Amino acid sequence: MNDKPEKLIDKKGLRLDGRKPEDLRPVKLEVGVIPNADGSAYVEHGKNKILAAVYGPREVHPKHLSLQDRTVLKCRYHMAPFSVQERKSPAPSRREVELSKMIKESLEPAVFLEYYPRTMVDVFVEVLQADGGTRCASITAAALALADSGIPMRDLVVACAAGKVDDTIVLDLMDTEDKLGAADVPVALMPNLNAITLLQMDGILTHEEFESAVNMAMEGCRKIYAIQKEALKTKYVSISEENKEEAEE
Amino acid sequence: MVSVVTRVKQKQIAQLIEEDKRLDGRDLMDYRETKIEQGIIERAEGSARVLLGKTEVVVGVKIEMGEPFPDTPNEGVLTVNAELTPIASPAFEPGPPNEDSIELARIVDRGIRESKCIDTSKLVIEPGKKVFVVFVDIYVLNHDGNLIDASALAAVNALLNTKMSNYEIKEGEVKIKPGYEQLPMKKHPITVTTVKIGNKLLVDPSLEEEEVMDARISFAIDDDNNICAIQKGGSGYFEPQQVIEAAKIAQTKAKELRKKLNW
Chain A
84 MNDKPEKLID
94 KKGLRLDGRK
104 PEDLRPVKLE
114 VGVIPNADGS
124 AYVEHGKNKI
134 LAAVYGPREV
144 HPKHLSLQDR
154 TVLKCRYHMA
164 PFSVQERKSP
174 APSRREVELS
184 KMIKESLEPA
194 VFLEYYPRTM
204 VDVFVEVLQA
214 DGGTRCASIT
224 AAALALADSG
234 IPMRDLVVAC
244 AAGKVDDTIV
254 LDLMDTEDKL
264 GAADVPVALM
274 PNLNAITLLQ
284 MDGILTHEEF
294 ESAVNMAMEG
304 CRKIYAIQKE
314 ALKTKYVSIS
324 EENKEEAEE
Chain B
319 MVSVVTRVKQ
329 KQIAQLIEED
339 KRLDGRDLMD
349 YRETKIEQGI
359 IERAEGSARV
369 LLGKTEVVVG
379 VKIEMGEPFP
389 DTPNEGVLTV
399 NAELTPIASP
409 AFEPGPPNED
419 SIELARIVDR
429 GIRESKCIDT
439 SKLVIEPGKK
449 VFVVFVDIYV
459 LNHDGNLIDA
469 SALAAVNALL
479 NTKMSNYEIK
489 EGEVKIKPGY
499 EQLPMKKHPI
509 TVTTVKIGNK
519 LLVDPSLEEE
529 EVMDARISFA
539 IDDDNNICAI
549 QKGGSGYFEP
559 QQVIEAAKIA
569 QTKAKELRKK
579 LNW
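Top line first, the protein sequences correspond to chains A and B. Quick note on our numbering: the first sequence kicks off at 84 and runs consecutively. Quick note on our numbering: the second sequence kicks off at 319 and runs consecutively.
Certain hints may be false.
When the alpha-carbon atoms are kept at most 30 Å apart in a straight line, the in silico BS3-like pairs for lysine-lysine are as follows [to be verified]:
no., chain 1, residue 1, chain 2, residue 2
1, B, 518, A, 184
2, A, 184, B, 327
3, B, 566, A, 306
These aren't lab readings, by the way, just hints derived from the structure by calculation. Predicted model, so just to flag it, every value in this text is computed and none were measured.
Using the sequences plus the hints, can you model the full thing?
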């Protein structure tokens, strides 16, 4: 165990990793990383390394879960045993069950579920390395994987957390800040519809602090959204360039 | 699972709410009649029953000795579990906890934990080795909507009703002494759930209203009217200003209830 730092924000107002309160960690997104999947994405958000894959629309299993008027969106959030300091048992924990539900419900508003009745769409999220804010990075990656699979969507979904560390409202908490900070507020946003699809909090905040944390988190979402869009475009630009080269040959 | 009757009723409920009315005659900001009883299970160290309209939840608290978590050697342990018993609804099935019961337990847990409701520092017998473990078991007996608020209210009431046995340490062994003392409590969190139907916000949804809702959001509010836990649920969304409004509603409703309960 590391010693607990006394202060999470230094005299210059900088955080443990040198960020300013309103700074994001570096975010890298890549689309189409799993050849077998119908859609997939990989995210590196700070030290988080997370894969998301989409399979479907496909036959519903077990059959009785099938819905007559829409597809069943299923989600499984899972952490690799080696993703955290102390080995995590690969059996799903209660936290993972809850987060799977939260991620599913954050994606559902964006998907045209009614286009594929009597089918199922599986979203699998594997956390390979965790560094605080895995649910947000998972949502960002899962939405990209859904878009990559070609399932029609109203908007992308992008997520980012804000919180309170010492007495400051900060964006995008890393692991230490999450554990030792005063509050953590993960938010998922459909950026074009300006709609919040996930909101959770633990810690203690006044109403004013809550409001500014939500606003800061939404700003963070919009910054990640730009990277998300770029990642999606990059894949299709590279495909069209490959096609062009083939045509020239 | 949506029954045929509710399919027919759905439109009616949504239309009424558009006119700020509800099927059971309540105002959008009204809770159903709330009844609270403490100490209904004598075998449990603490217990409470909450009736929220026809929703009924019983919470029992048991206390055992156990080991603290390695990262918090000087604190007792809190464990919250929820059972959606098959007697409570035709939609509930026996079996291991599913995602709904796990979510319910974790929302109640977060409200109690984050508000620092229980003074866990007073539950230590031997630092790092032996502490009291507080088991909060939520039992849903009839599901007519808003299980979150009913369970959270029943849990805090059961904790307020909880008595711990006295003990002494003799030659390194823990011995139970006669007599009891109250579980040390610092805060009384109140959880308020607001749901969105159409573009309206309303509190304390009935089961029928939950079946037509777009989304719900629950806020746990502590004694100083701060927000200490939030959970959004359901497969719809909230506009940003609706989230802020729901927080204000929760703070107002929690204040009202706090006054009634004398907390």
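Review point. Against the structure shown, which of the earlier numbered hints fail to hold, in ascending order?
Key: none
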